[in-house]
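Undergrad: For the sequence shown, the UniProt record's numbering assigns the number 800 to the last residue and increments by one with no breaks.
Source of the hints: derived by calculation from the structure; they are not laboratory data.
Only a predicted model underlies this, so the values are computations on that prediction, with no experimental measurement involved.
Even for Gly, the Cβ is constructed at its ideal location relative to N, Cα and C.
There could be a bad hint or two in this list.
Claimed, not checked - Pairwise CB distance ranges, derived in the manner of DEER restraints:
(1) P538 to G402: 54 to 62 Å
(2) V219 to P542: 41 to 49 Å
(3) V219 to G146: 37 to 45 Å
(4) T401 to R744: 48 to 56 Å
(5) Q322 to R744: 43 to 51 Å
(6) G146 to R712: 20 to 28 Å
(7) T343 to A494: 50 to 58 Å
(8) A494 to P394: 31 to 39 Å
Unchecked claim - No farther apart than 30 Å at their CA atoms in a straight line, the calculated lysine-lysine pairs in the DSS-like style are these:
(9) K513 to K566
(10) K404 to K104
(11) K513 to K530
(12) K530 to K587
(13) K530 to K566
(14) K681 to K721
(15) K513 to K404
(16) K104 to K45
(17) K714 to K681
(18) K324 to K587
(19) K409 to K513
(20) K587 to K714
(21) K566 to K587
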Amino acid sequence: MLFPARIPSRLRPTVAAIFIVGLALENPIGHADDFSETVDAFTTKHCIECHDDRQEKGDFRIDSLSRDLTDPAIAIAWQDAIDLVEVGEMPPEDHPSASPNELKTFLLAVKTELARTAESSAPQSETRIRRLSHSAMDNTVGDLMGTRLRLSAGLPEDPELAGFDNMASTLGQSSEMMHLLQQNARRIASDATAGGDDPRADIDLDADQMTLGSRVARVDDTLILWSSKNRSNTTWPADFVAPRTGVYRIGLTGFQWDNRYHLDRQNQIAKPDRAQQKSFHKRLPEGRSRQVAIMALQAPIQNALGESTGGRRVGTLTIDDQPKQRWVECELEAGESFFVYATDCPRSQNTPWATIEGSDKVILGEQLHLSRLQIQGPLLPTWPPRFPEQLLDPSGQISNTGLKQFLTKAFRQPVEPEVFELYRQRFVESRHQGQSAQQSLSRLIEAVLCSPRFLYTVSPESPQDAWGIANRLSYFLWNSMPDEHLMRLAESGALIQPDVIADQTRRMLADPKADGFVIDFAGQWLGLRKVGDMLPDPGLYPEYDLVLEQSMRAESESLFREVLTKNLPVTDFLAPRFAMLNQRLAKHYGIDGVLGNEIRSVPVPADSPRGGLLGHASMLTTTSNGTRTSPVVRGVWVLENLLDSPPSPPPPDVEPIEPDVRGATTIREMLAKHRDVATCKECHRRIDPWGFGLENFDAVGAWRDRYGIDQRGKPVDATGKTPSGQTFDSVVQMRDQLLAQSDRFAEALASKLLSHAIGHPASIQERIEIEQIVQRNRNEGGRFADLIVLICQSESFRTH
Numbered sequence: 001m002l003f004p005a006r007i008p009s010r011l012r013p014t015v016a017a018i019f020i021v022g023l024a025l026e027n028p029i030g031h032a033d034d035f036s037e038t039v040d041a042f043t044t045k046h047c048i049e050c051h052d053d054r055q056e057k058g059d060f061r062i063d064s065l066s067r068d069l070t071d072p073a074i075a076i077a078w079q080d081a082i083d084l085v086e087v088g089e090m091p092p093e094d095h096p097s098a099s100p101n102e103l104k105t106f107l108l109a110v111k112t113e114l115a116r117t118a119e120s121s122a123p124q125s126e127t128r129i130r131r132l133s134h135s136a137m138d139n140t141v142g143d144l145m146g147t148r149l150r151l152s153a154g155l156p157e158d159p160e161l162a163g164f165d166n167m168a169s170t171l172g173q174s175s176e177m178m179h180l181l182q183q184n185a186r187r188i189a190s191d192a193t194a195g196g197d198d199p200r201a202d203i204d205l206d207a208d209q210m211t212l213g214s215r216v217a218r219v220d221d222t223l224i225l226w227s228s229k230n231r232s233n234t235t236w237p238a239d240f241v242a243p244r245t246g247v248y249r250i251g252l253t254g255f256q257w258d259n260r261y262h263l264d265r266q267n268q269i270a271k272p273d274r275a276q277q278k279s280f281h282k283r284l285p286e287g288r289s290r291q292v293a294i295m296a297l298q299a300p301i302q303n304a305l306g307e308s309t310g311g312r313r314v315g316t317l318t319i320d321d322q323p324k325q326r327w328v329e330c331e332l333e334a335g336e337s338f339f340v341y342a343t344d345c346p347r348s349q350n351t352p353w354a355t356i357e358g359s360d361k362v363i364l365g366e367q368l369h370l371s372r373l374q375i376q377g378p379l380l381p382t383w384p385p386r387f388p389e390q391l392l393d394p395s396g397q398i399s400n401t402g403l404k405q406f407l408t409k410a411f412r413q414p415v416e417p418e419v420f421e422l423y424r425q426r427f428v429e430s431r432h433q434g435q436s437a438q439q440s441l442s443r444l445i446e447a448v449l450c451s452p453r454f455l456y457t458v459s460p461e462s463p464q465d466a467w468g469i470a471n472r473l474s475y476f477l478w479n480s481m482p483d484e485h486l487m488r489l490a491e492s493g494a495l496i497q498p499d500v501i502a503d504q505t506r507r508m509l510a511d512p513k514a515d516g517f518v519i520d521f522a523g524q525w526l527g528l529r530k531v532g533d534m535l536p537d538p539g540l541y542p543e544y545d546l547v548l549e550q551s552m553r554a555e556s557e558s559l560f561r562e563v564l565t566k567n568l569p570v571t572d573f574l575a576p577r578f579a580m581l582n583q584r585l586a587k588h589y590g591i592d593g594v595l596g597n598e599i600r601s602v603p604v605p606a607d608s609p610r611g612g613l614l615g616h617a618s619m620l621t622t623t624s625n626g627t628r629t630s631p632v633v634r635g636v637w638v639l640e641n642l643l644d645s646p647p648s649p650p651p652p653d654v655e656p657i658e659p660d661v662r663g664a665t666t667i668r669e670m671l672a673k674h675r676d677v678a679t680c681k682e683c684h685r686r687i688d689p690w691g692f693g694l695e696n697f698d699a700v701g702a703w704r705d706r707y708g709i710d711q712r713g714k715p716v717d718a719t720g721k722t723p724s725g726q727t728f729d730s731v732v733q734m735r736d737q738l739l740a741q742s743d744r745f746a747e748a749l750a751s752k753l754l755s756h757a758i759g760h761p762a763s764i765q766e767r768i769e770i771e772q773i774v775q776r777n778r779n780e781g782g783r784f785a786d787l788i789v790l791i792c793q794s795e796s797f798r799t800h
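I would like the entire structure built from these sequences, with the hints used as guidance.
TA: Here it is, written out as C-alpha cells:
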C-alpha cells in the first residue's frame, strides 16, 4: 500500500484499513470460499520459488507471510503483493504465467479477505479520514471530468448525524456500495473517452409532430390535455430515443386554462354536449399553476398508456396561465424516451365538448394547452470528449505529464512516483492485452474514480498542512475539489498563512460555486431537503401546490444567500428588515405589492412576523404533519437548529396526540396532559414555549387567529414563558427573546458550520474555540461572511 507522505504514521493503520476496503472492491468479481486454500495453491505454484527462505527476492517472503489480515502491517504487505500481480509485474516474464482464471481467483480471494477484515476491525474512534458524501463526490466528478453523470447514482442515501450527511463516522463503505460505484465509474469513464458521431441534438416539435394519448385533443396548432384518467392525458415524441445516458433539457411551451372562469365573467353559457362522470376533484383557483410530470420509459412507448404504465418521474414543470416556454433538466438512460403527463387534471370519462350559445364548440373546464416540445442533449460540454487529448499523446500512448496532472487533481494532492507508476502500468498492461487507447484510458479513469484516494479526504495533519487545508476549504465552501488557484497556493505552501486563508475564503464565497454551500449547508441546517416529504392534506389546505412548495424552499435559500453574499449581521437570520418573496409566497403571507415569480428582497416593518427564519413557511410546514401544527416539533426545531440545545428523546410509552381539525380543542389543551406527566414535564418546559410562540402559523405557514377549518375554532394563544423566565405574547416578542440571546444563536450557528466543515460534531475543545470566534466576530460587527472567515482560520478547522 502506498501512502501520501503527509499521512502521519500513527494514522496509517486506520487509513490502511479503509484504503484496503476501497482498493479491494475496485474490481468486485465474486466471493472466494476459502482464502487460505486459494492463496496457498496460487503462491505454491507461482511465488514460492523466488520468495521463500532460499531466495527471498525483493526482501519479501510469501511462505512466512501470515494469513491473519487483522494486523495492519500484514494487510499492507498483502495489498502490496496483489498490486504487483494486478499490474502484471508478478509473476515475472521469465516464469510460467498464471492463467486468467488463476489470476482472477487469487486476486478475488485476497481482496475479499482484505475487505472483510478491514471492515470488521477498523477502529471506531474519531478518525481523520472521511468518505465524500454523495453530493460531494458528484460535484467532484463534475469538476474533474466535466460530466453531468452522477457517481452516486443508485446508492443508498448517506445517513445523517447531528443534522448533516457528511459526518465521518456515518459515511461507511460496503461491498454492495463499491460494486455500484464501480458500475457508475465505468459508465462515466466510458462517456469521457467515447468516440463516434456527436450525439448532441436540438429537437423542436410542434403539436402536429407529437403523439397523443386518448384524452388529448388536437385543435389547430395546439394540444389540449383534459383528463388524467388512466394516464391518458399524455403526449410524447414518437421517434425520440435517448442515444446515451445523460442529462437532457426538455422544454414545453404552453399554458393552463379553465375557460369556465372566463365564460362566467363574460356571462356566456356553455352547454355540454353530453353528461360527464368525474371522480372527486377540487377545482384549481383562477390563475393557479398546474403540475406536469416528465416520465421516463423504455422506448418505444406504446399508444395504450394506462394506470399500470411504468416509468419513473425524472422532472416536473409548473405551468401557469401565461403562454411561454419552460425548461427542466432530466436524467435519461440510453434507450429511454419520455412522456408528458398533467398530473392534476380532473378525471373525465368523455371529452367535455360544449357549445357556446348555440354556435362555437369548446372543450369545457380545466385544460393544459401545449404547442411545442423541445429536447436538447445529452448535455455535454464538448465533443469529442476532452480527456483523450489531455491524457494521450499523438501516438496513442499515455502522456506522463497529462497523467500526473490528472492524478494530482483527482486525488487532490501531489502523487508519489509509486502511485503514478501504478496507474501508468494499468494503462500499459491494458494496451498489451490488445485494448485500444480509448479502452485502456477508460479502464484507468475507472480505477481512479474507485480509488480511496479519490473517494476519501484526509484531515489536515497540522496548520502547516497546506494541501489538507486546501481540501477542507474546498469541500466546506464548494462541496467539491480545489480549483487550480487553490492547488497552486497549496503547492507553494502559502495557504498555511491565516491572511491567505482569509483571502481565499472570501474569494471562494464570491464564486458561483459557493451556491453549492448555500444549497448543501442551508438545505441540511434548515431542513429544506424535507420540504414536500409530507404533503399537506389537500382537503384542508387546497392552496398548497408545487409552486408554493418551491417558493418556500427558495425563500429560505435566498435569505441564507442574501445574508452571506452581502455579509449582513448574523442576527438577520432572525429579524431582518426584509423578506425574500415572490408573488406566490407574498400572497400566501398576505403581503401586497409583490409581482412576478422571481424571489427578491422586499422591505417589511419591524413588527412583521415575516422575513426571519421563524416566519418561513418551509420550516413551519416541515414541522407540521400535514393536518395540524405541532408546538412540540416546532419547539424542538428551535432548540436544535437555532440554539444547538436538542432535548432528550421522548419516553417510548407516550401516546401521540390525535388531531382536532375542527378547532374545538386547542393544541395547548391537548399537550397539558403530557406536561403533567413527571417524566415529560421538564422537557416540555424547555420545548413548548418556543412552539407555542409559532401557533399563529398554520400547517402550511399561513397566518391564523383561530383554529379549525376556515378559522372558526378557538382563538390561538401564542403566549409563552421561556425556561429563563422571560414571557412573550406573540411570535414577534418571542423573536425578540431569541435576539436577546444573539451570542447563543451565533455560537449554535458557528458550531454547525464547524461540524459541517470538519466532519464530526464539535468537541468540548472545539466549542471553547467557537466561543472565542463568536466573541471576536461580535466585536468586529457580527457579520456572517466574517464569521465564516474566522472559522476557516481557526485551529479546529486547520487541524481537527
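Undergrad: Each hint should be assessed against the structure and marked as holding or not.
TA: Hints versus structure:
Restraint check, P538 to G402: a C-beta distance of roughly 57 Å satisfies the suggested window 54 to 62 Å. The hint said 41 to 49 Å for the Cβ distance between V219 and P542, and at roughly 29 Å that hint is violated. Between V219 and G146 the Cβ separation comes to about 44 Å, which falls inside the hinted range of 37 to 45 Å. About 54 Å separates the C-beta atoms of T401 and R744, a value consistent with the hinted range of 48 to 56 Å.
The supplied range of 43 to 51 Å is met by Q322 and R744, whose beta-carbon atoms lie about 46 Å from each other. A hinted range of 20 to 28 Å is violated for the C-beta pair G146 and R712, which are about 59 Å apart. About 55 Å separates the C-beta atoms of T343 and A494, a value consistent with the hinted range of 50 to 58 Å. Against the hinted window of 31 to 39 Å, the Cβ-Cβ separation of A494 and P394 comes to about 36 Å, which satisfies the hint.
Distance restraint check for K513 and K566: the Cα-Cα separation of roughly 16 Å lies within the 30 Å cut-off, and the hinted pair is therefore satisfied. Only pairs whose Cα atoms come within 30 Å are accepted, and K404 paired with K104 is accepted, the gap being roughly 29 Å. Restraint check for K513 and K530: the C-alpha separation of about 23 Å stays at or below 30 Å, so the hint holds. Distance hint between K530 and K587 is fulfilled; the C-alpha atoms sit about 23 Å from each other, no more than 30 Å.
Taken as a hint, the K530 and K566 pair is honoured in the structure, with Cα atoms around 27 Å apart against an allowance of 30 Å. About 14 Å separates the Cα atoms of K681 and K721, which keeps this hinted pair within 30 Å; it holds. Taken as a hint, the K513 and K404 pair is honoured in the structure, with Cα atoms around 25 Å apart against an allowance of 30 Å. Pair hint K104 plus K45 holds up; C-alpha atoms about 15 Å apart against a cutoff of 30 Å.
At most 30 Å may separate the alpha-carbon atoms for a hinted pair to count; K714 and K681 meet this at roughly 25 Å. For the proposed pair K324 and K587, the alpha carbon gap of about 22 Å is at most 30 Å, so the pair holds. Between K409 and K513 the CA atoms are separated by roughly 17 Å; this keeps the pair inside 30 Å, and the hint holds. Distance hint between K587 and K714 is fulfilled; the C-alpha atoms sit about 25 Å from each other, no more than 30 Å.
In summary, the hint linking K566 to K587 is supported, as the alpha carbons are separated by about 27 Å, within the 30 Å threshold.
Of the numbered hints listed earlier, those contradicted by the structure are 2, 6.
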